[in-house]
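Participant: This is what each chain is made of:
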Amino acid sequence: MTTTDDHLPTTTAYRPRLRERLRLSWWMLRFDVAMQDYPARESRRIRRELRAAVLDDAGRTGFDEALRGLGRPRRLAATYYADLERERPRWADGAVLAGLIGILLPGYMWIAWQMGALSAIDAMGGGAVDLSWLGVPVTFTHTDDTISMHTTAGWGPVALSGALCLVAFALGSRVWRLWGGAA
Amino acid sequence: MTGFRDRARVRRWMWRFTLAMQDYHPSREARRIRRDLRAALLDDAARIGVDDALREIGSPWRVAADHLDALDGAGPRWNDGGVVAALLGFGLPLYMWAAWAVGAVDAVGAMGGGRAELSWLGVPMTAENSDAMFGIQFTLGWQPFAVSLALGALGFALGARIWRLRRRAPVS
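So the protein sequences, as listed, match chains H and Y. The number in the working numbering is simply the position in the first sequence, starting from 1, with 1 added. The number in the working numbering is simply the position in the second sequence, starting from 1, with 16 added.
It is worth saying that the hints were derived from the structure and are not from the lab. Note that the structure is a prediction, hence the values are computed from the model and not measured. Where a beta carbon is used, it is the ideal one built from N, C-alpha and C, also for glycine. The reader is advised that the hints may include incorrect statements.
[As the list claims (entries may be wrong)] Each pair of labels, with its calculated beta carbon distance range:
(1) R21(Y) / A171(H): 33 to 41 Å
(2) P140(Y) / A41(H): 55 to 63 Å
(3) R22(H) / D59(Y): 45 to 53 Å
(4) G157(H) / R32(Y): 36 to 44 Å
(5) P42(Y) / P138(H): 37 to 45 Å
(6) W177(H) / S146(Y): 44 to 52 Å
(7) G136(H) / P42(Y): 54 to 62 Å
(8) R180(Y) / D131(H): 52 to 60 Å
(9) A154(H) / E45(Y): 13 to 21 Å
Start from the sequences and build out the full structure, keeping to the hints where you can.
Facilitator: Following this line, the structure appears as C-alpha cells:
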C-alpha cells in the first residue's frame, strides 16, 4: 500500500502531471471559497479526503473522469452545508467587500478627484493650488516642468475608509449569523 | 399567516431562492419549481406557522443546490450579469466623472474662480466656479457612451458567466 502526500491510504499511487495538478488546485480553490463558512477543521479534513479520493479514482479511471465525478465545487459544498445545524458568517466574502468598498472605492474617487483638479489647474494657466480633500490639505502644482501633488496623512480619509470597511465587512460576512438561530 | 411581517419573510425567502436558482435552466422549469415551492411554503405556514415552515425548508441556497444537482450543467446567470454590467458600465464611470468634476470645480475655485475649458474622455466640458454659477457644463458626446457600453458588455459577459451557454448540456 502506498500513501499520497496527505498520508491517506490509497490503492493506486497516481502521480498527476503539472496540468492535472493545476486543475485539481483550481477545483480545490473553488471548493475552499464555497466552504468558507464551514467549520475550519472539519473543512480541512473533507478537503484532504476529497483530494485523496480524486487521486485514487484517477489511478483507476483517469484524471478527467475522476474530477468530473466530483461535480461542481459549489454543489458539493452545499451538500456538506446541509448537515450543519445553522448558517455561519462568510468572513472571506466580508473581507473582499470591505476591500472593494472601503479601500478601492475611496481610492478610485481620490484619483479621479486629483485628475479633475490637475486638468482644471492646467486649463487655468498652471500654478500651485491648495485644496482640501475630506479635511486633509492637498497642494497641487502644475507647471511646464512639474506636475505634483503633496498631501499629509489625516484622520478624515482614514476614518471614512475604516467606517466603510466595517460596514462592508459586516454586510458581506453576514455577521448577524453569529447570533442567528437555526438556519 | 396573515401578518405583513410573515408575508414579507416568505417573500424574502422566495427572493433569495430565485437568486440562488439563476443557473437553473430551462427557466420555465425554474418558474414551476418556484411556484410549487411557494405554494408548499404558504401551505405549511398556515398549518404550523411561518417560523417552523421556514426552519423546516432550510436555507434557500441549499434547496436551490439540491435542484441544481439534478442538472447536467449550469446555465448563465443573467441577473448577476445585469448587476455587474450596471455597476461596471454605469456606476463606475459616473462615480469617476462625479469625483473628477468635483476636483475640477474645487481647483477652479481655489485659483480665484472663473471658468476652465476641459475635456473628459474626449468630450468638452466647462468647469465654472464663480458668483454666477457653480458646476460643470457639457454637451453629450459619444465617447463616454462607448466606454460605458464596452465596460457594460464586458461586465455582463463576466457576471453572467456567458461561456456556460456553449458548454451546457441539453436537458432531456
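Participant: Each hint should be assessed against the structure and marked as holding or not.
Facilitator: Hints versus structure:
1. R21(Y) / A171(H): 33 to 41 Å: The hinted range 33 to 41 Å is violated for R21(Y) and A171(H), with Cβ atoms some 23 Å apart.
2. P140(Y) / A41(H): 55 to 63 Å: 57 Å, holds
3. R22(H) / D59(Y): 45 to 53 Å: 51 Å, holds
4. G157(H) / R32(Y): 36 to 44 Å: 37 Å, holds
5. P42(Y) / P138(H): 37 to 45 Å: The hint (37 to 45 Å, Cβ to Cβ) is violated, given that P42(Y) and P138(H) are roughly 60 Å apart.
6. W177(H) / S146(Y): 44 to 52 Å: With a Cβ separation near 50 Å, W177(H) and S146(Y) satisfy 44 to 52 Å, so the hint holds.
7. G136(H) / P42(Y): 54 to 62 Å: 55 Å, holds
8. R180(Y) / D131(H): 52 to 60 Å: With Cβ atoms ~53 Å apart, the hint holds.
9. A154(H) / E45(Y): 13 to 21 Å: Check failed, 57 Å falls outside 13 to 21 Å.
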